Amino acid sequence: MKFSYNWLRELVDGLETPPKDLARLITIKTAECEGVERVGAALESASEARIVSVEALGSGHNRKTVVETAKYGTRTVVCGAPNCRPGVRSIYLPVGRKTIEGIESDGMLASAAELGISRDHTGIVELDEPFALAPDHIIEVDNKSLTHRPDLWGHYGMAREVAAILGKTLRDPVKARALGGAPPLRVTIEDYALCPRYSALLFENVTIRPSPLWLQYRLEAIGLNPISNIVDVTNYVMAEITQPMHAFDADKLRGGEIIVRLAREGEQLNALNGERYNLDPSNLVIADPVGAVALAGVIGGAESAISDTTTRIVLESANFNASSIRKTSSRMRLRTDASMRFEKAQDPVNTVRGLERALELLEEVSPGIRLVGGLADAFRPPPAPAPIELPLDWLDRKLGRAVPAADVRRILESLQFRVEATAPRIFSVSVPSWRATKDISIKDDLLEEVGRMVGYDSITPVAPLAPAKVPPGNPERAFHHHVREMAAAQGFTEVYNYSFVSEEMAAAFELDPAMHIRVANPIARDQGLLRASLLPGIWKNVGDNARHLDSFRLFEIGREIHKDGEAPHFAAAIYAKDNGVPGLLELKRLAECLLPGVTVRPAQAQGYEHPQRAADVHHGGTRIGRLFEFHPRMVEAGRAAVLDLDLILVEKLQRGTVRYQPVRRFPTSAFDLSIVAPKRALIGEVHAAFPRPPELLSIEFLREFTFSDRRRSLSYRITLGASDHTLSSDEVAAIRMAIIDAMRSAGYELKL
Amino acid sequence: MLDGLISQLYANALDQLASAETLDQVEAVRVEALGRKGKLAEISKEFGKLAPEERARIGKLLNTVKAELESKIETRKASLEAAALDARLDAEWVDLTTPAPGPRPGSLHPVTQVQQEVEDLFVSMGFTVLDGPEVETEYYNFDALNIPADHPARDMQDTFWLEDRRLLRTHTSPVQVRGLEKLGPPLKMIAPGRVFRNEEVDPSHEHTFYQLEGMMVDHDVSVAHMIYFMKTLLSAIFHREVTVRLRPGFFPFVEPGFELDIRCLICNGEGCPVCKQSGWVELMPCGLVHPAVLRYCGADPEVWNGFAFGLGLTRLAMMRYGIDDIRLFSSGDLRFLTQF
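Chains A and B are the protein sequences, given in the same order. Just so you know, we're using my numbering here: the first sequence kicks off at 1 and counts up by one. Just so you know, we're using my numbering here: the second sequence kicks off at 753 and counts up by one.
Among the clues, some could well be false.
What the hints assert, rightly or not - Simulated coverage check for chain B against chain A, where a stretch passes if three residues somewhere in it have a Cβ under 8 Å from a Cβ of chain A:
{"id": "1", "segment": "820 to 827"}
{"id": "2", "segment": "858 to 865"}
{"id": "3", "segment": "914 to 922"}
{"id": "4", "segment": "979 to 985"}
{"id": "5", "segment": "1038 to 1046"}
What the hints assert, rightly or not - Listing some non-contacts, in silico: residues in chain A with all C-beta distances to chain B over 12 Å:
{"id": "6", "residue": "H61"}
{"id": "7", "residue": "S105"}
{"id": "8", "residue": "E190"}
{"id": "9", "residue": "N205"}
{"id": "10", "residue": "R312"}
{"id": "11", "residue": "S330"}
{"id": "12", "residue": "D337"}
{"id": "13", "residue": "E360"}
{"id": "14", "residue": "I442"}
{"id": "15", "residue": "K469"}
{"id": "16", "residue": "Y496"}
{"id": "17", "residue": "K540"}
{"id": "18", "residue": "G558"}
{"id": "19", "residue": "L649"}
{"id": "20", "residue": "T706"}
Treat the hints as calculated values from the structure; they're not laboratory data. Treat the numbers as computed from the prediction; the structure is a model and nothing was measured. Note that beta-carbon positions come from the ideal geometry of N, C-alpha and C, so glycine has one too.
For reference, chain A alone in the conformation it holds in the complex (with noise of 0.2 Å):
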């Protein structure tokens, strides 16, 4: 929202402040300004001038002029522009001189685009009025700072604000008048929740011309664009007293009567944007007996629109229902001007104020205008909010500091509030109706009024007394911390990706798309679904980061998002450009690392996956995870090996106490086995195979040889001990030969 400084001169007496300062009390008390703008520079210079004589020259449609200025005295410019005729009183300014056609032009005619004043640059300004135009500042406020302020949506608001921050006395815009004659047409409110005051008046004789320039430049300068005398004095009122209005060609409205209804099922309205809006019962609607002739609080009809043959207006100044301006106008995706502030909830007790204010500026801007009859205004008031009782003490508790109590009246009546003391130290707070409506319904928000106003710098800081107690833990995310610092130190980098992930890449990873949480309105196409897996993520990170580096280690730890919950996972990757498995193993290490006891189980490989190098994670009978190998295809140059891990299950299965074995006193004695077995037996099953009699502290693997026909020869190391007394030459020889005879009975050749 943007505000005139000159407009807000005009609203608070004796406003002085500087623009830039202003703002920044603004920002500190009530609302952030993002900034503050000059607008209407050239005019500081500019002078009224009269055009004496006007030469053609040459060939083109420049021409020689001389001028009578009133700051400047005479003086000669070159002009193009086609109203440029003797006797025309425009603007002139002295920007300097330069030869044109070999004349020497000394400054220039201004056209209303030049000085800002508005965006006409078919001519220069034709003066009708006195010039009086002066150079004014724009603040521009943010809007979502306003949301929960349907006051502050006009100049009058903000004014209010500033003469409360300032300690000066606001002047109102609106004189009353005297509206009293019938009725010249009839308004009929179907719902009253939805349009609590429906407020017109009627005028004949009406011209529909452009607007004098002080009104062109105040709405030009906040960002309003100038249209017509008749829809820029709705717009002024809007600017000024955050009242919407909008005006209807009154011979185009059929059959003399305003209801406000619903809408049919299949109603059509064309609206004055020129687009046609398919109506249904959800939407309020302004119609004549015939049919809508307005989309309520948010756009007008094309059909009843003003023109330039408009002789008699109905002029509307209505209430509705914020939620319903907000549910029609964000289903039409159609937020104007009037319906911003209508879906913040409007003061019903304006739309009267509104049209005593347009009365007064109709009579300015279209001479010879009449009012036909009185008022019509169908009102039926809400109930009034009881007064709010707002104890002292407590004000002072919540805010931290004592507020005496006149500053606290002082302050609240200066915001126009009604403060009575009904006991001591509490005061009965009655808010008045433009506060009322959404804003202020409880002694909180009559906290905010004074501490804002006090300032919240006053407040000294202060330790809270509280209790010293442990909070409780977070084992979870203790341990997710854990993880991450464990993965780092062993060479990966942490990654973040994205919740969402497209349909080809849920396909390609062998994942439903029905099975994935859909988002209804995606950023993109390719965003549509929310990730059931980090795969695709972690695949797409190996992919961009080869391009740049021939091996590196990456993880996340991120949720997995299913229909019925969410998982948090990690996932890492190691990618080297060249050949080979350690990859896997390294990534077997890290998975031992964050769980001992993890052991791996070569399961069938998912497209996607090494059809050789795909296997499962499990600890104990527990499935925690997948270690596989990107299948070549899914990498462009080099391997990727990826494990993903569920990190609920094995935070769950990290958990667990430990039990103190005394340390053994007796030497333990070791040998060493030689297992041959067939091609491709996995080390695992084979480990698994020996017998576990209780003298048997370990099994290690040494290492590995593959015989030309593929067999392997697999190495162990076995150590035996007691725990009572040193194992005899003879213990340890029979227990040997029980595990040769045992693993022989299980199929395995030994090397002996």
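Could you slot chain B onto chain A? The hints should help.
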């Protein structure tokens, strides 16, 4: 006569010892002179033939020579051994500037690092760390935070809606409600996590970023307490005393609501491009928990109250490391990530 032999033996042995270069040569000298079949033993054989008075004299002489030779041999041996050790150690030179084998250490994501630091700070001040789901219900993300349907405040956060009528949380604030429901007051909690906004991505906007929500609910918690916590926290995060200011800010789940600014750390408030010449940098929204939110969580606002705040972890990481493109955080680009 024996005297001559002995002194010759002694002289010869000393000569040989002097020219011995290895331990084996020293041993050969020892064997030749002092061995069981050595020269000294041979001389001793003549010993019996001597007159008793001669025997005593020669015996003494023999012992002296033997002891002296033994000592000389040991000294020589020791010096050769020392030289040998020196030579071996010298050969064992290692270039300790050789890069260590194995992978280089990896690094944690910059947001992770900032997050862990902030978590640790809060835990040290007695806060508990809570998690909440990324897929949220409308109830927790909006309704229970006093943002009813059709409230314009919903426009402040462009939402990713899911087909099952749920949504991706637009802030970590739902964890306030979940935390208070689960643990009840009094409560001091933080909730860091991933949040989502349906926004076009550019160098300063991301649809996925990280926040840290915080809340303290107790008896008689005041704005003064909140400022104290925020100042303490921010001074610890920035490792220096920070100046904060509160100004009104609208967030439906707090009343009053604030924007907390810190005096620009780059220019100390003088005005610079980072603070857009204002001297202040907007850092975190905060406020006193709205009574309606407390009621939604089952806490009586006449008995309990508190403050809540939201800290942008992604923004904090950008400030700390001077990162000017928010998209890098989710790029997975190791050339960026390995810098931290």
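- prompt: Which of the numbered hints are not met once you compare them with the structure shown?
  reply: Numbers 1, 11, 14, 15, 16, 17 and 18, in rising order.
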